[in-house]
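For reference, the chains in residue letters:
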Amino acid sequence: QKEVEQDPGPLSVPEGAIVSLNCTYSNSAFQYFMWYRQYSRKGPELLMYTYSSGNKEDGRFTAQVDKSSKYISLFIRDSQPSDSATYLCAMRGYGQNFVFGPGTRLSVLP
Amino acid sequence: DAMVIQNPRYQVTQFGKPVTLSCSQTLNHNVMYWYQQKSSQAPKLLFHYYDKDFNNEADTPDNFQSRRPNTSFCFLDIRSPGLGDAAMYLCATSRDPADTQYFGPGTRLTVL
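If you read the protein sequences in the order shown, they are chains A and B.
When we follow this note's numbering, the leftmost residue of the first sequence carries the number 1, and every step to the right adds one.
When we follow this note's numbering, the leftmost residue of the second sequence carries the number 1, and every step to the right adds one.
Think of the hints as simulated: they come from the structure by calculation, not from any bench.
Computed from a predicted structure; not experimentally measured.
Incorrect hints may have been included.
[Said to hold, decoys possible] With a Cα cut of at most 30 Å, we get these calculated DSSO-like pairs of lysine-lysine:
1) B:Lys52 / A:Lys70
2) B:Lys38 / A:Lys2
3) B:Lys17 / A:Lys2
4) A:Lys70 / B:Lys17
5) A:Lys56 / A:Lys67
6) A:Lys70 / A:Lys42
7) B:Lys44 / A:Lys56
8) A:Lys67 / A:Lys2
9) B:Lys52 / A:Lys67
10) B:Lys17 / A:Lys42
11) A:Lys70 / B:Lys38
12) B:Lys52 / B:Lys17
13) B:Lys44 / A:Lys70
14) A:Lys2 / B:Lys44
15) B:Lys52 / B:Lys38
16) B:Lys17 / B:Lys38
17) A:Lys56 / A:Lys70
18) B:Lys44 / B:Lys17
19) A:Lys70 / A:Lys2
20) A:Lys56 / A:Lys2
Excised from the complex, chain B in its bound form (with noise of 0.2 Å):
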């Protein structure tokens, strides 16, 4: 009965080497968001979906992007990683922004 689902949970990468994580959820939620997380620190939003609309925070770097085929899935690449991008990636969902919002387990990133 899992509601946010992240694949994998661990992921390797080389420094450079695109990487796509995936998300996907049962709740039929109307929003999706992408966090990061360094160790000992606060998730930090990337970016979220409302149904099909994008909203990129300020400070999120070009090199990470995001897609929502349909309600369920959500991407994220990383185009181009660098070791400063090494951490848990979460994924969240809510109803509506407003709302609260559930959790993934998470991806944790390795660059090398």
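Just chain A, with the same shape it has in the complex (with noise of 0.2 Å):
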């Protein structure tokens, strides 16, 4: 079993759709947990960083961790054509380096 699971997609969505993107997990140590959108042929770029359970929202991004079921979420909310990417979960325990998911790969639809 990976450490850090994504359903790699693609997830093809309408504009204005509401998206949840997810993660599983299976180290129990981790804590925090980060959300990265990553354009076609370019770097990562952070969304969204949480730190032990619960929700945290930032404009049309939510995100939300569950640690007792080793899961976590990212929502997007009236999806944009712009939205189209790949989405990387990240987390790492205290004094451990960040683990990647695969990512999903996202297409908003006009």
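From the two separate chains plus the hints, produce the assembled complex.
This is the structure we're talking about:
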């Protein structure tokens, strides 16, 4: 079992839809969680950074962490074609390197 | 106002011909990372520098080396590129190992 898993997609949604992107993990020591957005042939861009369990909101983006289930989510409201990208989750425990998921490719259709 | 800069953006080399990729940062961050990312895969950490301290991942091949001559610059040297080394190479920085990482745009390496 890989340490961090994501549904690879591609996930296609119509413009304006609510998107849910998810990661599951196996290491109960993970407590720092990040979401990155990566456009084709570009470097990852940090979207959200959360610590431990709970929700964090930033504009149209909401990050949710459920440590009891070892499950994190990124919600995108009112999705736009410009949101079309690969979304990577990353996480780590105290004193550890970040581990990345393989990414979910999202297409938002106009 | 670019923060993490990578040069070149695209690099073509021949099998076995050494190549150097460059990363510079204007953030004055203490930590610089090199990742390898192949198509549809997660970025894979090769090594990182915390100030001048070099930290190599256990499974990074000896073919990959790195240099950090000062805070701003870090280089990735691939001594004898093989076809399997064709990938996107990402540089990232962070204030300290616990902090968020900021990525450059990447260098796409092609090996002929």
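Structure-based check of each hint:
no. : hint              : verdict
1   : B:Lys52 / A:Lys70 : violated (35 Å)
2   : B:Lys38 / A:Lys2  : holds (17 Å)
3   : B:Lys17 / A:Lys2  : violated (34 Å)
4   : A:Lys70 / B:Lys17 : violated (44 Å)
5   : A:Lys56 / A:Lys67 : holds (14 Å)
6   : A:Lys70 / A:Lys42 : holds (29 Å)
7   : B:Lys44 / A:Lys56 : holds (27 Å)
8   : A:Lys67 / A:Lys2  : holds (17 Å)
9   : B:Lys52 / A:Lys67 : violated (35 Å)
10  : B:Lys17 / A:Lys42 : holds (25 Å)
11  : A:Lys70 / B:Lys38 : holds (26 Å)
12  : B:Lys52 / B:Lys17 : holds (28 Å)
13  : B:Lys44 / A:Lys70 : holds (22 Å)
14  : A:Lys2 / B:Lys44  : holds (13 Å)
15  : B:Lys52 / B:Lys38 : holds (28 Å)
16  : B:Lys17 / B:Lys38 : holds (20 Å)
17  : A:Lys56 / A:Lys70 : holds (17 Å)
18  : B:Lys44 / B:Lys17 : holds (23 Å)
19  : A:Lys70 / A:Lys2  : holds (13 Å)
20  : A:Lys56 / A:Lys2  : holds (26 Å)
Hints 1, 3, 4 and 9, counting from the list given before, are not met by this structure.
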